[in-house]
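Participant: Chain by chain, the residues:
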Amino acid sequence: MIPAAFDYLAPTSVEDALAALAEHGDEAKVLGGGQSLLPVLRMRLGDPSVVVDLGRIDALRGITDDGDHLVIGAMTAYVDLIASEAVREHATVLTKAVEEVADPQIRHRGTVGGALVHADPAGDVAAPILALEAQLVITGPGGERTVPASDFFTGLFETAVGDGELLTSIRIPKHTGWGGHYEKFVRVVHQWSIVAVAATVRTEGGTIAEARIGLTNMGLTALRARSVEQALVGCEVSEAAIGAACASAADGTEPPSDLNGSADYRRALAPVLTRRAVLAAAGG
Amino acid sequence: MMTRISVTVDGSTYSDEVEPRMLLVHYLREVVGKVGTVIGCDTSNCGACTVHLDGVSVKSCNLLAVQADGHEVSTIEGLARDGVLHPMQEAFRACHALQCGYCTPGMIMQSLDVVRENPTPSEEEIRKGLEGNLCRCTGYHNIVRAVEQGAAAMAGSRTADVMAGE
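Note that the protein sequences, when read in sequence, are chains X and Y.
All the letters of the first sequence, read from the start, carry residue numbers 36 to 319 under our numbering.
All the letters of the second sequence, read from the start, carry residue numbers 1178 to 1343 under our numbering.
Honestly, the hints are just simulated from the structure, not real lab data.
Glycine is no exception: its CB is placed at the ideal position from the N, C-alpha and C atoms.
Please note that the accuracy of each hint is not assured.
Claimed, not checked - Per label pair, the in silico range of CB-to-CB distance: (1) Asp101(X) with Gly1316(Y): 22 to 32 Å; (2) Asp186(X) with Ala1337(Y): 58 to 68 Å; (3) His1318(Y) with Gly102(X): 45 to 55 Å; (4) Arg1270(Y) with Gly240(X): 23 to 33 Å; (5) Glu1249(Y) with Ser48(X): 39 to 49 Å; (6) Ala57(X) with Ser1334(Y): 49 to 59 Å; (7) Cys1277(Y) with Leu294(X): 20 to 30 Å; (8) Arg1293(Y) with Glu179(X): 33 to 43 Å; (9) Arg1270(Y) with Asp101(X): 49 to 59 Å; (10) Asp1231(Y) with Ala57(X): 23 to 33 Å; (11) Gly1232(Y) with Asp186(X): 34 to 44 Å.
To be verified - Cβ-to-Cβ under 7 Å is the rule here; a few derived chain Y residues that face chain X: (12) Ser1221; (13) Gln1244; (14) Glu1308; (15) Gly1333.
Sequences and hints are given; from them, build the entire structure.
Facilitator: Below is the structure:
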């Protein structure tokens, strides 16, 4: 399969990339690592007339410690995020989720920011970003603005990033001392999640003090399971207690039905996977 | 609009005008002539087209040739030296790790990536490292054995190099 023809621009700075987007408007498509966009282009689900490749903008890569936050450049590859001791220590649920993305070859090329802007509800990066209450830094012609993760995903493959704007970095409040786990349910290991759950919890003496839960592929976007988060506060770390608190994980969700499973099947999976994720995150 | 790219493939540098939409695998096969790298599924699932870009494995059907501009690509064709198979190729032959052989170029390139990350991988680590490569013939057992044997042979030849150096 061969993509439709397009012109190719490879700017070396964010300013030049924004200028290219301003010139070409919605005819342009931004290329991150390309591990989702290339299949889209090959299958001709999209046929932009201009592709703007961010791969030569070094400033968009890397992970820095900003005191109480970690700042992850949007073009940071999965493999570099997995290798980061800082992310593993302060945002462990994100490391665990990214370790489960696709396969090694894809993790060498795919980028955290690319996955977030692609906003596939079955992708593995959005749920941990929601659970960690990250801030997404969006840069446009007028400068930077910051959007909380809870407002970032606006619909199926849609985000708060507007035409002419770029997601440039992800700011993650440090969750030092929090446990984290990503429980992914798939039929074929490198395929998209049928359902997955990102859990990060803080325990105090065998009891859960705080919990944040993100759900993958339980709706048009990744979702927070807020009722479960509330039910988990004060919950003892035991399978029975956590299982009871996680029973409402599918409440209010409208998961898809497809060849991998019906909506009812996904609703049945969500509480089970949430219980497993929380138990693992709490060290139970 | 054609774009000029310069790519080093298996140690030789090529400079070509390509369409931006050309996939790296098509560039390697049709322009450079490296037909050892094959197209399997064309959907980025099967891994048959795996090559190394700057030393790490990528699926060459899931990359544009223009993205490789200024970079270094290694393919299955660059592994043998003076007619002598690379230890990983030899291990695949010795362990009967192929039947139809179509997945083998990608399997071997990904196996080398597994060994790059971990020179002594366990069976489980090998299976996890090859998750992105599909084989429809062998059932994988002999492939895993071949990677174990190839990794051991590569460790042995490194030891021999060090001893020769001393």
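Participant: None of the hints should be skipped; say for each whether it holds.
Facilitator: Comparing the hints with the structure gives:
Checked against the hint of 22 to 32 Å, the pair Asp101(X) and Gly1316(Y) fails, with Cβ atoms roughly 49 Å apart. Checked against the hint of 58 to 68 Å, the pair Asp186(X) and Ala1337(Y) passes, with Cβ atoms roughly 60 Å apart. Checking the proposed 45 to 55 Å range against His1318(Y) and Gly102(X) shows it holds: the Cβ atoms sit about 51 Å from each other. Distance hint check for Arg1270(Y) and Gly240(X): the Cβ-Cβ separation is about 59 Å, which falls outside the suggested range of 23 to 33 Å.
Taking the beta carbon of each, Glu1249(Y) and Ser48(X) are about 24 Å apart, not inside 39 to 49 Å as hinted. Roughly 55 Å separates the CB atoms of Ala57(X) and Ser1334(Y), a value that falls within the hinted 49 to 59 Å. Evaluation of the 20 to 30 Å hint for Cys1277(Y) and Leu294(X) yields a pass: the beta carbon distance comes to about 27 Å. Judged by the Cβ atoms, the range 33 to 43 Å given for Arg1293(Y) and Glu179(X) holds: they are separated by roughly 38 Å.
For the pair Arg1270(Y) and Asp101(X), the beta carbons lie near 52 Å from each other, so the given range of 49 to 59 Å is met. The hint said 23 to 33 Å for the Cβ distance between Asp1231(Y) and Ala57(X), and at roughly 32 Å that hint holds. Separation of Gly1232(Y) from Asp186(X) is about 40 Å and conforms to the stated range, judged on CB atoms against 34 to 44 Å. Because the closest C-beta pair between Ser1221(Y) and chain X is about 6 Å apart, less than 7 Å, the hint holds.
Here the hint on Gln1244(Y) is kept, as its CB sits about 6 Å from the closest CB of chain X, short of 7 Å. With a cut of 7 Å, the hint placing Glu1308(Y) at the interface with chain X holds, because the nearest CB-to-CB distance is about 5 Å. The beta carbon of Gly1333(Y) comes no nearer than 25 Å to any beta carbon in chain X, farther than 7 Å, and the hint placing it at the interface is violated.
Hint compliance for this structure: hints 1, 4, 5 and 15 are broken, all remaining hints hold.
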